[in-house]
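Modelling step: build the complete structure from the supplied sequences, incorporating the hints.
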Amino acid sequence: MAEIGETRRELALDCFLLAGKILMENGAETYRVEDTMIRMAVSQKMTHSHCFVTPTGIMFSPTEEMATRFVRINDRQTDLERVALVNAVSRRLVAGEYTLQKAYEELQIIDQTNYKFHIGLQILAAAMASGCFLILLGGSWSDLPFAFVFGGTGFIIVETILIQTRVKFFAEFIGALAIGILALLAVHSGYGTDLDTIIIGSIMPLVPGLLITNAVRDLMAGHFVSGLSKGAEAFLTAFAIGAGIALVLSF
Amino acid sequence: MNWPLEAFLSFLAAGSFGVIFNTPRRTLFSCGLVGMTGWLIYRSYVLVLDDPTQASFAGAFGVALVAHLLAKKFKMPMIIFSVAGIIPLVPGSKAYNAMRNIVENNYLEAITYASEALMISGAVAMGLVFAEVLMQLFFKRQAKRIQRKIGMTQN
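Those sequence lines, one after another, are chains A and B. Anchor point for the first sequence: position 190 equals 190 in the UniProt record's numbering, and the numbering is continuous, going up by one each time. Anchor point for the second sequence: position 5 equals 5 in the UniProt record's numbering, and the numbering is continuous, going up by one each time.
Honestly, I wouldn't trust all of these hints.
Unchecked claim - With a Cα cut of at most 30 Å, we get these calculated DSSO-like pairs of lysine-lysine: (1) Lys75(B) to Lys140(B); (2) Lys72(B) to Lys144(B); (3) Lys73(B) to Lys140(B); (4) Lys72(B) to Lys116(A); (5) Lys72(B) to Lys102(A); (6) Lys72(B) to Lys45(A); (7) Lys102(A) to Lys116(A); (8) Lys75(B) to Lys144(B); (9) Lys140(B) to Lys72(B); (10) Lys45(A) to Lys73(B); (11) Lys102(A) to Lys144(B); (12) Lys75(B) to Lys45(A); (13) Lys144(B) to Lys45(A); (14) Lys116(A) to Lys73(B); (15) Lys45(A) to Lys116(A); (16) Lys140(B) to Lys45(A); (17) Lys73(B) to Lys144(B); (18) Lys102(A) to Lys75(B); (19) Lys73(B) to Lys102(A); (20) Lys116(A) to Lys75(B); (21) Lys102(A) to Lys45(A).
Since the hints were made in silico from the structure, they are not lab data.
What follows is the structure, encoded as structure tokens:
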């Protein structure tokens, strides 16, 4: 352990923290983040390192004689491609195919590149998912265009407000509200038939599926802090959607 | 029930969620297949035994098993495949009905729906975790060998 040079160890720390940060920001489970960081550390002969990962910050303590480092995580989104890419880099580093320098460069590229599908494609996907759920949940074929359009519209509204305000709760509330109003208008004008299935189908793209899964996985793996905070985030999202719809239904 | 139609729609829905969550492009097809597996297991269970909670457990269990196998095949984190797959099992309509009944002041009815929604989401979570633990037991020997190789020992 003592033979590793100081600059190399600093580079190693930067590398681990960047990997952890990218993973956490893009929707990986907490246990995977910790596991990846520890594996990378072990591959660099830091065998007694500890890390503590929460959804808002990562602490990493390499060895007894080195200072603990901390990185703050500000916003979280869902981008599973980055999770897969970081995972691949860490696998290669552990297997010895990448040097530390190469791995760090790769991680920086991953951090700066935008891998997201084109926004139009995402909206189309949201609309398609809404339409599919309408039929799967027993809706009638005549309601299909409404769910398709409203699902896409709700997704556009949420994404736009999210970019403008950075307040997730507010964006989801307005999105659900818009879907509710549109669905109500469609049914009252006589074109739509079943209000309930149109609304359920259209709000499906907003459902916090990833958060719920991750929260439970983290709780079961013993990461109670992350599990509870992700659970709280999922609950807030569900509450925002519910409140938006409830407001429409109460008229 | 129209099996091919439901299979196709659940495949499409899970694939669409794959696009929304930005899963790697070459796994999109597999994500759709995982979603289809989960939904078909869920639907057949409901048809045969008429218990949505148990059906959700079975569906999530199936999703996690298939996701784990695909994760091994693609050498990617399991979450990429399981997330889109469990979306069709989320009790959206129960939660919606609970909300609707609260707004209409039918609190007793709302509690029924809300507890059903809670039970189903619990069942989905349990299904995921059970399958993962089972797979870990199954792959334990293999995992231990790899861990010994990279110098990481389990206790």
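Margin query: Are any of the numbered hints broken by this structure? If so, which, sorted upward?
Written below: Going through the list in order, the structure violates hint 15 alone and respects the others.
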